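A.B. asks: Given next are the chains, with one letter for each unit.
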Amino acid sequence: MFYRENGQFKISYSKDQALLTISQDKFFIFALVAFSLLIVPFIASDYWLTAILIPFLVFTLAALGLNILTGYAGQLSLGTAAFMAVGAYAAYNFQIRVPNIPIIFSFIGGGLIAAAVGVLFGLPSLRIRGFYLAVATLAAQFFIPWLLIKVEWFSNYNPSGVITTPPVTFFGFIIDTPVSKYIFILVIVILLTILAKNLIRSKIGRSWMAVRDMDIAAEVIGIPIMKTKLIAFAVSSFYCGVAGAVYAFLYLGSVEPDGFNIDLSFRILFMIIIGGIGSVMGSYFGAAFITLLPILLENIIHFLAVALSITISSAVTSVLQLLIFGALIIFFLIVEPHGLARLWSILKEKLRLWPFPY
Amino acid sequence: MRKLSFLSFIFIFFLNHLYAEDSQFFGIAGYRVGPYAAGGTPFFTGYIDYLKLLNERDGGLNKVNITWEECEFEYNTAKGLECYERLKTRGKTGPTAIHPMSTGVTYGLMDKAPKDEIPLITLGYGRTDATDGRVFPWVFPLVTNYWSQASAIIEFINQKAKDGIQGKKIVLLYHDSAYGKEPQNVIEQEAKKLKFELVKVPVPHPGNEQQSQWLQIRKERPDWVILWGWGVMNATAIKTAQKVGFKRNKIVGNWWAGSEIDTEAAGGKVAKGYYAATLNLSGSDFKVVQDIKKYVYDKGKGGNEKYLGTVLWNRGVVAALVTVEGVKKAQSKYGNKVMTGAQVRWGLENLSLSKDDLKKLGFGDMVPPIKLSCENHEGAGLTRFQQWDGKQWTVASDWIGGDKKLVRNMIEKSAAQYAKEKNITPKCL
Amino acid sequence: MTFFLEVLIGGLLSGVMYSLVALGFVLIYKASGVFNFAQGAMVFFAALSFVGIQINFGLSFWPTLMVVIILMIIVGVLTEKFVLRPLVNQPQITLFMATIGLTFFLEGLAQLVWGTDVHPLDIGIEDAPIEFILDRFDMVISAFDLFAAIISGTLVVSLAIFFQVTKIGRALRAVADDHQAALSIGIPLKQIWAIVWSVAGFVALVAGLMWGSRNGVQFALTFVALKALPVLIIGGFDSVLGAILGGLIIGALEKLAEVYIGPMLGGGIEGWFAYVAALLFLLIRPEGMFGEKKIDRI
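Protein chains in written order, with my numbering: chain A, 1 to 358; chain B, 1 to 429; chain C, 1 to 298.
Treat the hints loosely; a few may be bogus.
As the list claims (entries may be wrong) - In silico DSSO-like cross-links for lysine-lysine, where the CA-CA straight-line distance does not exceed 30 Å:
| no. | chain 1 | residue 1 | chain 2 | residue 2 |
| --- | --- | --- | --- | --- |
| 1 | A | K150 | B | K63 |
| 2 | A | K150 | B | K391 |
| 3 | A | K150 | B | K195 |
| 4 | B | K293 | A | K150 |
Stated by the list, open to error - Partial chain C-side listing against chain A, Cβ under 7 Å, derived:
| no. | residue |
| --- | --- |
| 5 | F35 |
| 6 | V83 |
| 7 | T94 |
| 8 | G108 |
| 9 | V113 |
| 10 | T116 |
| 11 | I233 |
| 12 | I261 |
| 13 | M264 |
| 14 | V276 |
| 15 | L279 |
Treat the hints as calculated values from the structure; they're not laboratory data.
Note that the structure is predicted; figures quoted are calculated from it, not measured.
Backbone N, C-alpha and C define an ideal beta-carbon position, used for all residues, glycine too.
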């Protein structure tokens, strides 16, 4: 009843081709964007901004990248963190070596370099499929951090291979308070999300999905497999690279290659599994879930411990988190293999029919 | 999803108020889980045990009650930063001081902590050039930093080796990471100065496979091996040394490779003869350890009795000691109440613990005397060496300082470069 | 020359340890078509339970072994019941993700029950150079490595015989080939899966004991699973023989590369060399040496 599209006629081609065709969708998205852009900065505490919202946005970006590659183009990749590292280090090098370069160009530069590296490690995908490809991307995951530490030029000859990012300025404003960082990252994420959505709707997006579903058939009908797969790797790595650059510049402040290890790659993979493979919304849901869950679990366990007056060591809390996390992944895969995004679509379906069950 | 977030917001808000009483809150970002849990657990247990002792035996810090909370970050930098943000919101004046105990988190907090006015204590790790307090007023690589340690290791070998270190071949077996690269500049300089040959052999993370490295070492036939590892790399190194027949008493580990965790995981008798550096002696004979046993463990409030007197547990106690003494020093100036981060910073910068002070506090010669100043955030710069006899650590040397001039030169140069990059004018706060 | 032999033999023996872990993967892939990422966690779980039981209940070697075998069988049965059965017709990638979830679950459970401390594991064989060979040829070959090689060899041979000759082994191969066909001729699918996972658990236990005594039982033990992946690529995901040969090749190549090529590149290449080698191998032969060639039907 709430979600019915009755009475909404699209009277021009441009309206028909718009990203948000149903007015309830349009209203909802605009309200959400307005809320997060205009209201959240004022009501959220510093802790929420720095420790929860900013990492959520950064990981959404990385999850978007991985979703494009794995969800839409069907190429399983376990090297996401490595591409983030490339983006971070490349952006850092642009920023310190090119005088007076605007920060946006550094980020884009970082993304482009990451895209190039992504294409390089995506070349095997032309021969290899499935799990074997995943293991091939692991080669990237182990090789790149090694390279970043070994070649001292990348970290500007820092004795420990750590890069400390210079302060970020945007048109004269120094971006160093949680609020300014949050808004800056939010705008970047929104713009890149719109780009992703459009890419997916376009010809290249459709060829990705064709390759994902049955690549031999796709080749038969004339889709250039090599170009399609490599573009998927390029775009995905671009997103991961930008995510890595933002992660380094605006969240951590200084990074070492070890911070982009395989654990991070798996984490991002989980985000898209739980959020929903092959769905832009899914990247958001997954990132939110994975970012919030540990904190929520810890606070619940802490609260229970205090309420029941038993001391639970933080080690036990952490280990319990691992356990619950693993169990939740299995649970999600059993109950809804298409993730939270599917649950959301089902919810919208139900809203369409409410109060009727079918 | 939003309901979950709202609920968690409520929880956090609620928990906040649990600590808003008038007490000195110590925020602890720790790790008892994950790849380095074995090293973290005894350290953080020791830290908390000392705080408990102060509450039980002395009624707090000059009558100010002590509270604490531990946040688990599993040695993951992003999680560590989240822990930091969370601990910042607790307590009346924040977490007093933070011990990051991880290179990643240390670097991540370099810019944040000064802005939040929270001192960072990097006891025996972290950015060595932070010793220069004129550029890093909020960071304290207390007792001894990495470069002083590296130099001390060279001097120890110089003392122990037949006819000194000149002309000998030394292998540096290091963890291939930021941590592992830390001492290389110093040791290379020392190699030039003292005329010995240095061969560097990296071990890729996590270091549980070192066969090729040790076969290489066997080929090189060095006189001594310096082990600069952390976590599983240490035990594996010792075991693999046995596998290729390299004498353990020609291996000197740094102080993150020199605890019972490493030697016992390798198998007690396998590690017999292994030397390791330390900035605190192990052993339960010290009065403070006995006091903790009496006032905390015998009352059933202790963390884990088997850690008592071990190297890392003692180190945790020392970490708590310096933090607490910093607070006490601040109280001597600002009054016997809860101290803010800025006041604690002052207290740390002016901290001075003489031999007599340490004796009165029950520490004896567990740590060397410490005296800090604006230019010197290190305090002592002394290292001691222990040897594993198969069952425990025995003292193998006195406090060694190493080449202090060389190290200080390098620190000042590095700090000056950082100041230039970040547009900081070095001055005393 | 002796040094080269030393590195080579050391590498081969090291590779045998990798194959031990890879064997577990192969078993499960062969029988249920699932790539069990949780094998590393199973190795960790088995090793930690072993030392945990030994320390907390003071049992000696063989009784503890029995108890842990039973424990692993229980883990296998429960996994089949709660993870595999509900996901029976899902695409391979979903099952793979489920095993990743299982990894976290087992890691968390093991540490919850037995704690997070490091424990040494002693199975009586010392990890020291064999005096005889050291004196005669000036080569370092560890007694422990040799022992591990013998154990793994025995295990592989017995498993190979098991698959070829016994009724259950043939049933396993049938199930691996086509679940529905196997069902249709009356093979009890659930039982077979439970058996496979239990055998994999047993293999994980042996691997855990070997690796645990080599490096100490600690969380880093779960990383050995990652090293087994290049082995599987080269050997093929569903070949027992391939796991052994792949292990030997990767072990030898890795060590030789680290010693001879490493210094030219600054060292530390062991972390990625195996993967790059596997990647290059895949470009020539995408199914691995002995893997089943996939014939795509459109």
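A.B. asks: Look at each hint and say if it fits the structure.
C.D. replies: How the hints compare with the structure:
1. Between K150 of chain A and K63 of chain B, the direct Cα distance comes to roughly 53 Å. Violation of the 30 Å bound is thereby established for this hinted pair.
2. In summary, the hint linking K150 of chain A to K391 of chain B is not supported, as the alpha carbons are separated by about 39 Å, beyond the 30 Å threshold.
3. Only pairs whose Cα atoms come within 30 Å are accepted, and K150 of chain A paired with K195 of chain B is accepted, the gap being roughly 26 Å.
4. Proximity of K293 of chain B to K150 of chain A is assessed by CA-CA distance (about 47 Å); at most 30 Å being required, the pair is judged violated.
5. Restraint check, F35 of chain C versus chain A: the minimum CB separation of about 6 Å is within 7 Å; hint holds.
6. For V83 of chain C, the interface hint holds, since its Cβ comes within 7 Å of a Cβ in chain A; the closest pair sits about 6 Å apart.
7. The closest approach between the C-beta of T94 of chain C and any C-beta of chain A is roughly 5 Å, which is under the 7 Å cut-off, so the hint is satisfied.
8. Restraint check, G108 of chain C versus chain A: the minimum CB separation of about 3 Å is within 7 Å; hint holds.
9. Hint status for V113 of chain C relative to chain A: violated, with the closest Cβ pair at about 9 Å, above 7 Å.
10. Contact between T116 of chain C and chain A, as hinted, is supported at the beta carbon level, the nearest pair being about 6 Å apart and thus within 7 Å.
11. The interface hint given for I233 of chain C holds, since its Cβ lies 6 Å from the closest Cβ of chain A, which is under the 7 Å cut-off.
12. Restraint check, I261 of chain C versus chain A: the minimum CB separation of about 13 Å is more than 7 Å; hint violated.
13. Proximity of M264 of chain C to chain A is violated relative to the hint, the smallest CB-CB distance being about 11 Å (cut-off 7 Å).
14. Because the closest C-beta pair between V276 of chain C and chain A is about 5 Å apart, less than 7 Å, the hint holds.
15. Among the interface hints, the one on L279 of chain C holds; its C-beta lies about 5 Å from the nearest C-beta in chain A, closer than the 7 Å criterion.
Checked against the numbered hints given earlier, the structure breaks hints 1, 2, 4, 9, 12 and 13 and satisfies all the rest.
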